[in-house]
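Visitor: Let's have the full structure, built from the sequences with the hints guiding it.
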Amino acid sequence: MSKVLALSEAVERFVPNGVGLLTVGGMHLHNNPMALIREVIRQDRKIKRLLTSPCGALNADLLIAAGMIDEIATSYVGFEHIGLAPCFRRAVEGGTVKVLECDEAYITHGLYAGAGGLPFIALPKGIEFTDIPKVNRENYSFTTDPFTGNQVPVGAPLKPDVALLHAYEADTHGNAVVAGGHFVDRYMALASKTVLLQVEKVVSTEEISKHPQGTTIPGFLVHAVVEVPGGCYPTASHGAYQFDDQEIVRYMNAAKDESGAKEYVREFVKDTTEIEYLDNVAGRLSQLRYGDGSLPVALSDRKR
Amino acid sequence: MSKVLALSEAVERFVPNGVGLLTVGGMHLHNNPMALIREVIRQDRKIKRLLTSPCGALNADLLIAAGMIDEIATSYVGFEHIGLAPCFRRAVEGGTVKVLECDEAYITHGLYAGAGGLPFIALPKGIEFTDIPKVNRENYSFTTDPFTGNQVPVGAPLKPDVALLHAYEADTHGNAVVAGGHFVDRYMALASKTVLLQVEKVVSTEEISKHPQGTTIPGFLVHAVVEVPGGCYPTASHGAYQFDDQEIVRYMNAAKDESGAKEYVREFVKDTTEIEYLDNVAGRLSQLRYGDGSLPVALSDRKR
Amino acid sequence: MTTSSNENSRPFSRNELMAVELANRLRNDDVTVMGTASAIPQVACRLAQLTHAPDLYSIAGGTCSVNPHLGPVVPSCCDYDLLRADTSLSLNDVVLLEGRADVLTVFFAGGLQIDAYGNCNLVSVGDYAHPALRGPGTVGLPFLSRVGRVLIYTQSHNPRTFVEKVDFLSGPGFLRGPADWKAADLPGGGPQLVITPLCTMGFDPDSLRMRLETVHPGVEVEQVRAATGFELIIPDSVPVTPEPTAEQLSIIRTLDTNGLLKGK
Amino acid sequence: MTTSSNENSRPFSRNELMAVELANRLRNDDVTVMGTASAIPQVACRLAQLTHAPDLYSIAGGTCSVNPHLGPVVPSCCDYDLLRADTSLSLNDVVLLEGRADVLTVFFAGGLQIDAYGNCNLVSVGDYAHPALRGPGTVGLPFLSRVGRVLIYTQSHNPRTFVEKVDFLSGPGFLRGPADWKAADLPGGGPQLVITPLCTMGFDPDSLRMRLETVHPGVEVEQVRAATGFELIIPDSVPVTPEPTAEQLSIIRTLDTNGLLKGK
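Protein chains in written order, with this note's numbering: chain C, 1 to 304; chain X, 305 to 608; chain E, 609 to 872; chain Z, 873 to 1136.
Calculated from the structure, these hints are not laboratory results. All the given hints hold, so there is nothing to weed out.
Cross-link-like lysine-lysine pairs, in silico, DSS-like; alpha carbons within 27 Å at most:
#, chain 1, residue 1, chain 2, residue 2
1, E, K790, X, K438
2, Z, K1037, C, K134
3, C, K134, Z, K1054
4, X, K402, E, K773
Guide: In structure tokens:
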């Protein structure tokens, strides 16, 4: 039974409006599942709480720009070397989006706990000397280490209702190959109740099974596969194309104030179908594609 | 600086006599680091406590046959479809080796905790309804889940002093590629203070770096690399050769009583150098090699 | 094991019958996991995939390959050959999912001892401190408490294996019965099925004790009763287990080119 | 940032000087980790590998490749190009090792605010509930408490960055000083070095407060004092930071074919 769906149908069926905890894959400006995120905005599926990878970027900021989220659990939202994320910054400074302050170790260990049905996860020494647990008592707490008697910091398990993830390719069952960096996307898939996957291309199971150990996400965790070549744009898709720093800067400039942000979302998301959007950026995308010669990981290797 | 050492020197330098917690890689009759284990026996390096993967096999039973260990933390020692492990069975029934009864989930999560400096690991619901935590209060305990107020089972972190592991190949720095099943060997490497690696062959860093994501164990965790082609025999080396069920049966028959076990150890380990031993079994090994045509994972794929 | 005199004349082995019985209980939306020495459930899952359950996923614990293609069937759950498969996970991933309790729907279990409530024991027989028989250890059996359906299979149907109460509980079944089971509020669905060389058993929904369902061709009910070390619930009428179809046997033999299941 | 008038006439940029200063503090047995926007420490590590520290390991947090070959240097820590490397880990593996506290010896840190005791803040400036400036978030900075040596670098040396006490402590330095630091008994060695476009600073072993070590060529001690928002310990004699050697510059430029470090 094929799980390949049109972008609109995948979001309609699997992202309920008001979803409790939704997580978005990718890290910094890489492998952000932008096509899925744009469709969530088009369909106005509000998100109660967003969870990012240890470094969220446009995947979080665009959702904030569109007024989609109430709360964000994150250890970082920004555009790395390019600058701060304008809507995240404004929303937090203005108190319109609540932050559940996390750190990278908690996000990865918390997803491990969520994936494994662990009631909570004990954390390595150190976090209790920061201000983070003081401002986020929902995700951090303390308990007794019964082996030593010490009070130690612990984190709550992270169990997203829905994960929006990008992979390089998948078969119709959702068995997916991630090229390049894996970030915490696999743990998001393992920990989430529902997984939507956007891919550069759908391939045969025969092709996938030539490299059984290259598959990062097993199909039984995946609910929908959406084929959207270019769908990470303007972020990078490892193995396919680099991020577009010019478009990121354009977004940052446009989103300097709230009305500019709303206008950007209207023009490039709400008033544009995904196909139109990707048609319009096809020229930029072709310039950003990794050339065969310059591939750091050859195509024959990316399946590892 | 090359970490490649002769088998004898690697054990001399890095396995102290009376080592507190030593762990052996591989699972069932696959990827057991037998050359390292035979050398530990030859050098009479006693082990206070042995930790196996979720399924120990000859890697544990031969050490027991040779009288090397006082205690064993394990969830299984046996020869899978072939039968029970004779020396483990006899030693536990006779009370000469103490068992720290573990389950598979605790061993993997406990190594995760050890690798990550977590003070302990909360376990998923279920283990508390078995008799296992009742008979092993050193590794299992209970504490309060501060997010729910429930008492929940927890496990102590597993932090081996020394890990003996097998990999298909490594460079002189110890960057290692594991072919086929990974079992929990990587977590053993991440959690152990000292890692000794036996490999089928040493390759160049240039070769390794052609497939950076195929490397399972990073060199900075590895203290010694020993090149012993055939060194897993009579267990399997994934990517190289199948296990020898005939030799396992011969061992099981020989080790039916304690004097037979001691005699086997004397003949095939103590009175034989590793080179002599592998010379003697070269004929069998050549029959057990995976033929090119029958390779389930082609040589070009094993580096994934 | 007691076998009937005309056993060898049948066109299928007991192992093949057990694999088919298991396969018949699998569903198209199942995600199954199996452990040590799992040739029979491996064949059952592949058979189901190739017949009524094409979308079923099966995970070979050990290598943790997903949907191994088999052909040949291999005796070890960690075999390199199992990596001829659709995809593959890491052992740690599988252990994680075994904790999630809402993804994996079937586990194939067994034991040195299996008791009237489907509790399993792979650890030791007799007093734990001074065991009469030390088994290999529990491996992942505590997972039984968290999986959708536990399907138990064993090649030993005798009073030493089937006991009123396991000497050491390492794989939770219905614990000590309904009150205990309800109080435990475990995420799993508990044991559903026990398949042996003699018969197929289920569990009585009220008492949660083992109940005979069918006897295999050539086996008498009395034989089963005598081979069981506790009071088995035996309905008035006990049908005979359906025989494997020609198609099922043909598929099994295409997979099992080494004849691992032919033996018995 | 204050720059001296003859800055542009020097044969190296401030970024190149900072990379060399960092490289000079790295040892052959180091295992280093770096995070977000880490072009400067990436170059520092590769430079060290190609000169005095061939056995050093460097981990690019993000992709988690080990010993990226660079050429070109890339601005993002998650770049696909970083996978042109010796080997690679998963992010989860690196997070685990950051907890072990006995494997990773160097972390390159920074902050919106860095205080007199080397505590870092990447989260927010002003009242946390109503921040004057919301930063991106702390990422992995709590790891500072567990790593052998923290090497801090920043491209902003001004009184807003260098403050007496961070408004939000997200990366532990020496906390509130010797008593606090001793009581905490953290596994890490604490901050060792702070490199800015103006100078290199260390920490006074008694007070654990920041202390000027060297001023970069063309920078006056008074400039540093004025650019620092707390009372910096300034020794009687402050040498000038050694200039990069021709060999060091040549290596950097072979790696940095995109000229990322050339800017400033």
